[in-house]
Amino acid sequence: MTAGTFHATRAAAEDLPEGAAFFEASGGDWDEIAREVVGEERIVVNMGPQHPSTHGVLRLMLEIDGETVTEARAGIGYLHTGIEKNMEFRTWTQGTTFCTRMDYLAPLFQEAGFCLATEKLLGITDDVPERASVIRVMMMELNRIASHLVCLGTAGNEMGATTVMTIAFTGREEILRVFEAVTGLRMNHAYIRPGGVAQDVPDGIEHMVRKAIPLIKHYVGQLGDLMLANPIFKARLVGTGVLELAGCMALGITGPVLRSAGLPYDVRKAFPYSGYETYDFEVPVSHNADTYDRVVLRLEECYQSLKIVEQTLARLEQTKGTPTMVADKKIAWPAMLAVGGDGQGNSLEHIKKIMGTSMEALIHHFKIVTEGFRVPVGQAWQTVEHPRGELGVHVVSDGGTRPYRAHFRDPSFNNLQAVSVMCEGGQVADVVVSVASLDPVLGGVDR
Amino acid sequence: MTEESKRPAVDPSGATSVHREVVPTTVGSRPQGEVIGTRQGLFGSIGSGDTSGYGGTTAPVRFPGQSERPYGGWFDEAVDVLEEVLTEQGVPFGQAIERVVVAHEGSQAELTLWVAREHLVTVARALRDDQDLRFELSLGVSGVHYPGDLGRELHAVYHLTSVTHGRRLRLEVACPDADPHVPSTTSVYPANDWHERETYDFFGIVFDGHPGLARIEMPDDWPGHPQRKDYPLGGIPVEYKGATVPPPDTRRSYS
Numbered sequence: 001m002t003a004g005t006f007h008a009t010r011a012a013a014e015d016l017p018e019g020a021a022f023f024e025a026s027g028g029d030w031d032e033i034a035r036e037v038v039g040e041e042r043i044v045v046n047m048g049p050q051h052p053s054t055h056g057v058l059r060l061m062l063e064i065d066g067e068t069v070t071e072a073r074a075g076i077g078y079l080h081t082g083i084e085k086n087m088e089f090r091t092w093t094q095g096t097t098f099c100t101r102m103d104y105l106a107p108l109f110q111e112a113g114f115c116l117a118t119e120k121l122l123g124i125t126d127d128v129p130e131r132a133s134v135i136r137v138m139m140m141e142l143n144r145i146a147s148h149l150v151c152l153g154t155a156g157n158e159m160g161a162t163t164v165m166t167i168a169f170t171g172r173e174e175i176l177r178v179f180e181a182v183t184g185l186r187m188n189h190a191y192i193r194p195g196g197v198a199q200d201v202p203d204g205i206e207h208m209v210r211k212a213i214p215l216i217k218h219y220v221g222q223l224g225d226l227m228l229a230n231p232i233f234k235a236r237l238v239g240t241g242v243l244e245l246a247g248c249m250a251l252g253i254t255g256p257v258l259r260s261a262g263l264p265y266d267v268r269k270a271f272p273y274s275g276y277e278t279y280d281f282e283v284p285v286s287h288n289a290d291t292y293d294r295v296v297l298r299l300e301e302c303y304q305s306l307k308i309v310e311q312t313l314a315r316l317e318q319t320k321g322t323p324t325m326v327a328d329k330k331i332a333w334p335a336m337l338a339v340g341g342d343g344q345g346n347s348l349e350h351i352k353k354i355m356g357t358s359m360e361a362l363i364h365h366f367k368i369v370t371e372g373f374r375v376p377v378g379q380a381w382q383t384v385e386h387p388r389g390e391l392g393v394h395v396v397s398d399g400g401t402r403p404y405r406a407h408f409r410d411p412s413f414n415n416l417q418a419v420s421v422m423c424e425g426g427q428v429a430d431v432v433v434s435v436a437s438l439d440p441v442l443g444g445v446d447r
Numbered sequence: 001m002t003e004e005s006k007r008p009a010v011d012p013s014g015a016t017s018v019h020r021e022v023v024p025t026t027v028g029s030r031p032q033g034e035v036i037g038t039r040q041g042l043f044g045s046i047g048s049g050d051t052s053g054y055g056g057t058t059a060p061v062r063f064p065g066q067s068e069r070p071y072g073g074w075f076d077e078a079v080d081v082l083e084e085v086l087t088e089q090g091v092p093f094g095q096a097i098e099r100v101v102v103a104h105e106g107s108q109a110e111l112t113l114w115v116a117r118e119h120l121v122t123v124a125r126a127l128r129d130d131q132d133l134r135f136e137l138s139l140g141v142s143g144v145h146y147p148g149d150l151g152r153e154l155h156a157v158y159h160l161t162s163v164t165h166g167r168r169l170r171l172e173v174a175c176p177d178a179d180p181h182v183p184s185t186t187s188v189y190p191a192n193d194w195h196e197r198e199t200y201d202f203f204g205i206v207f208d209g210h211p212g213l214a215r216i217e218m219p220d221d222w223p224g225h226p227q228r229k230d231y232p233l234g235g236i237p238v239e240y241k242g243a244t245v246p247p248p249d250t251r252r253s254y255s
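Protein chains in written order, with the numbering used here: chain A, 1 to 447; chain B, 1 to 255.
One chain only, chain A, in its complex shape (with noise of 0.2 Å):
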């Protein structure tokens, strides 16, 4: 195959615009080139993709005048993996596997956010159990203390204080492990799925979780003790990073930092989903739009969040032994996995029956396995409030068993948008502290 056979339109701009400048630095030096074209001498720093401060593989490009930073840029794509494009490719059960390594540090809101839009494209919203509405609010809003947490603790060790790093990582620890217990992993979970969650949260999970809360609180309190009145912490956080409100829509700018800026928008509250309109909750909002604030309100929407978790627990109790997957046969994976004693997921008792008594239950189990299930033609939007900000899941339907097309509007992707505006004008070290601000996820922006 050669190029020319897979892109039948050209590049933007082959041949260039009039009066344009052309630069060739192989073999050469930018920096002679800079000289010549601007006149004086311009530093310019590349700051990442590899370095730790910056969350993974995001590569910012410093225009530096003594401390001061003039221009800042951000550069993405070095963890592009094609994942939207490969979930074409798979069936629509499938896809939630692989959404769910988008961003690696918040794995239960891409799954619950496709299988939404999934959901609704296929018109069986309302016919979600109950059940399996509340485990995914359970879920997403532990794992929203858990991304918080990396979000908090990373911040404080890129600003040299690895204590932060370390309680935060240990109240994470309590989450994850709730987490194994339900999905059976740490992260990259594919546990939400279209009409349902694969399978019931096993038993005396309640009481894991009623355990693991007290814990929790006292992680997120220790953090809150370490960094809200610590001194230095104060002098970096304190009036950086700002991004005033008109900026933040602007920009397009949703979750934490949006509300750091005094609008309480948040999509639970906007647009409920999963049954969010029935929990009792509390949006935080601070006025002041700087860095500081926003780590204050990571730490508040933890316990709004532990709050929520606690309301799950009760309906949890109630709904004991209801399904937790779409009763539609046609939608529904036949088998009720467990996990067996080798660890994996069986269902010893369906083997059984599609195996030994019915060939039609053998049949229908082969193809909903294999071929999966139809989902009419169409599109659908559907977002959720990540960690982040605002998630948005466009799915596109041909008609057949696979997504004709899946796109996810990451809030890590959108936000980095204000790493320019952010940190121009500010120091080099506030660099650092306002793109910790934003919490970017690579995995998420790259997809």
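Note that these hints are calculated values from the structure, not bench results.
Just so you know, not all the hints are guaranteed correct.
[What the hints assert, rightly or not] Quick look at which bits of chain B chain A covers, simulated, 3 or more residues with Cβ under 8 Å:
no.	segment
1	75-82
2	89-100
3	121-129
4	133-139
5	223-237
[Said to hold, decoys possible] Here are some of the chain B residues that sit facing chain A, going by a computed Cβ distance under 7 Å:
no.	residue
6	T38
7	Q108
8	A109
9	S142
10	V144
11	V163
12	K241
13	V245
14	P248
15	D249
16	T250
Beta carbons are placed, not taken as given, at the ideal position from N, Cα and C, and that holds for glycine.
Use these hints to put chain B onto chain A, whose structure you have.
Relative to the frame of chain A, chain B by itself:
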């Protein structure tokens, strides 16, 4: 364009043939849109009652057509206001908005406005600025490639949110593969900067007036636009315990 690229794209997901049929625009009460392809295969029989698959089942892939009034909820009011605002600005509504589509039901209903590309920026500005519309938050652009929608192969889909009114709206713009130009909306929604770059990178839609339309995810010198349907997924066969698993795009497809 090479001779090869003129052939209908072989789409591994099953929707292969590219031909337009003359179809009635309404079936029952629901208006139907144009057919953009036909889905063929042994499985997934629709309507014929033949579940054996040997009848060579085919099913048209059809866009939703223009919805009929009342659209439901706030949709009617918003469309009326938009019509008023556009008329005031001297843009005939029928020319700017090609189609109004309401999809899904009840609380899940979604409004899509199909916009003619030359009026996209005017429509976006009206939607953002009018106090009764006020779609002030743009959640980005996503591209979709429909090789079967002849003359309108590339679609750009804009997702707008009104925080003020708690509403959501989708704009859909189409452009032909041969002339893949859509005006940039960055003057109205600066947030669309990176999203348009991404859509250009993956689909080759050129957003005219964008401040710096460079690739964003793929390397700058990458040939082709990877999310298009005629771009192969690629992959290598994987050997495991003596058996070989083919790459995903060459595996058997059931749809």
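Here's how the hints hold up against the structure:
1. 75-82: violated (count 0)
2. 89-100: Coverage by chain A is violated here, the residue count being 0 at a Cβ distance below 8 Å.
3. 121-129: Contact hint for the segment 121-129 of chain B vs chain A: violated, 0 residues under 8 Å.
4. 133-139: holds (count 4)
5. 223-237: holds (count 10)
6. T38: Since chain A brings no Cβ nearer than about 10 Å to B:T38, farther than 7 Å, the hint is violated.
7. Q108: holds (5 Å)
8. A109: Cβ of B:A109 sits 10 Å from chain A, so the hint is violated.
9. S142: OK, holds: B:S142 within 7 Å of chain A, min 4 Å.
10. V144: This hint holds: B:V144 lies near chain A, its Cβ roughly 5 Å from the closest one there, short of 7 Å.
11. V163: Where the cut-off is 7 Å and the nearest Cβ of chain A is about 5 Å from B:V163, the hint holds.
12. K241: violated (17 Å)
13. V245: Violated, because the Cβ-Cβ distance from B:V245 to chain A comes to roughly 13 Å (cut-off 7 Å).
14. P248: holds (5 Å)
15. D249: holds (6 Å)
16. T250: Constraint on B:T250 not satisfied, violated at 10 Å.
In terms of the numbered hints stated before, the structure departs from hints 1, 2, 3, 6, 8, 12, 13, 16, listed from lowest to highest.
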